[in-house]
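Asker: For the sequence shown, the numbering used here gives the first residue as 18, with consecutive numbering after it.
One should not assume that every hint holds.
Calculated pairs, PhoX-like style, for lysine-lysine (alpha carbon to alpha carbon, straight line, at most 25 Å) [unchecked claim]:
hint	residue 1	residue 2
1	Lys166	Lys131
2	Lys92	Lys106
3	Lys166	Lys132
4	Lys172	Lys131
5	Lys131	Lys92
6	Lys187	Lys166
7	Lys131	Lys106
8	Lys44	Lys106
9	Lys106	Lys132
10	Lys187	Lys172
11	Lys172	Lys132
12	Lys253	Lys166
13	Lys172	Lys106
14	Lys92	Lys44
15	Lys92	Lys132
16	Lys166	Lys92
17	Lys253	Lys353
In short, the hints are calculated from the structure, not lab data.
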Amino acid sequence: MRRILIVSAYYSPHMGGVERYTENLAKKLTELGNEVVILTSSNSERSYGITSDNGISLIEVPSLSLMNDRFPVIKPIPSTYRIFNQIMKLSISDIIINTRYYPICLLACRIAAKKHIRPVLIDHSSGYLSTEISPMGYLMRLYEGLSTKIISRSKPVACAVSNRSLQWIKSLGFSPHSVIPNSIDADAYCSSASNRDWNSELNISPDAFVVAYAGRLIEEKGVMKAIEAIDGIHGKNIHLIIAGSGPLNTAVSNAQNERIHFVGRLNESDMSSLLRYASCFLMPSEYPEGMPTVLLEAAAQKCAIVVSNCAGASDIIPESNFGTVLQDCAIDSIQKAVLVYFENPDLLIEHSHNVHNLVCSRFTWSQTALSLCTNVLDTLSTNNN
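Take these sequences, add in the hints, and give me the full structure.
Answerer: As structure tokens, this is what we get:
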């Protein structure tokens, strides 16, 4: 039996794609007979130290969360050193590091070196954290380059959550090994849908064509382009429902009208309900995604997808009969793609069923966990013997 240490900057109840990836992967690894220890940043709702639940141990490192709760920095206090010593006393067979650029990931490299373990890196991005032309953007790229260089010294087995993400880490100098994809329990996700009546709640007619957008409300995620595109389609009963939160909350709220609706951040059951209700899911993102969970969720609910050519898009939509991958995020390109589905309901149904079947057959947590064990961890064990 293995005891696997998984490192994640944040963990449940903190919300995010990497957090959900870590939680679901850990559960499946324990079902395969492994012990899992998760190393993460402290959360104010819980005390520092080690707790266990359902065969998964949780080790929380005292940290200060910066950048609107997006970047945890380890506190150099006595309890941090005590936790480090506790980890060093544990018998660990494998170390999995999610992403490259958080201080806790660098701590994991230190642990791996001390224990003479070659870590597994799973990257969740496809570009630099910031491409902004500003002093802050420059400093972020400088920091990311430095942290990447430090992690590369550990000679990790370099994996990623999508093919594009794997090519990205190759461009950073890593030798790419495997895709360990983001996944979904489609049946559970669909069953979790709430019974919210979106028609009556938002005063939308039953015959309307509803486009859903969900994600962090930042410029790079394309929410303002989605609004401009749908608002610019005149004379059609097409509505846009936006779910999410972020710096653009006020701008999105102010953009509401009789066809543009903002519902804020939704819990999982309401998000599942929205995707079940919507005709089409729109994601014109120019953010360096890894493999967006929301694409898997849309596919699970048989919601046709219009998405930018971001990382993960070609994994989920490998051919044109699975959905629409935009070649650019120009407003007219978005409008044309949405109108194709609006004017061709049979095509929408075909694409939504095709992508649903693909995701249900290829992107399951059981397959992801098994792939990690057989294609990566077993290989490491063989090479170390």
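Asker: Indicate, hint by hint, whether the structure satisfies it.
Answerer: We went through each hint and held it up to the structure:
1. Lys166 with Lys131: 18 Å, holds
2. Lys92 with Lys106: 21 Å, holds
3. Lys166 with Lys132: Given that 25 Å is the threshold and the Cα spacing comes to 20 Å, the pair holds.
4. Lys172 with Lys131: 14 Å, holds
5. Lys131 with Lys92: 21 Å, holds
6. Lys187 with Lys166: Measuring from Cα to Cα gives roughly 13 Å; hence the hint holds.
7. Lys131 with Lys106: 11 Å, holds
8. Lys44 with Lys106: 24 Å, holds
9. Lys106 with Lys132: 10 Å, holds
10. Lys187 with Lys172: Status holds; Cα separation ~13 Å.
11. Lys172 with Lys132: With Cα atoms ~14 Å apart, Lys172 and Lys132 stay inside 25 Å; holds.
12. Lys253 with Lys166: Judged against 25 Å, a Cα distance of about 52 Å means the pair is violated.
13. Lys172 with Lys106: The hint holds at about 23 Å.
14. Lys92 with Lys44: Judged against 25 Å, a Cα distance of about 29 Å means the pair is violated.
15. Lys92 with Lys132: 23 Å, holds
16. Lys166 with Lys92: The given pair, whose Cα atoms are some 22 Å apart, holds under the 25 Å limit.
17. Lys253 with Lys353: The given pair, whose Cα atoms are some 13 Å apart, holds under the 25 Å limit.
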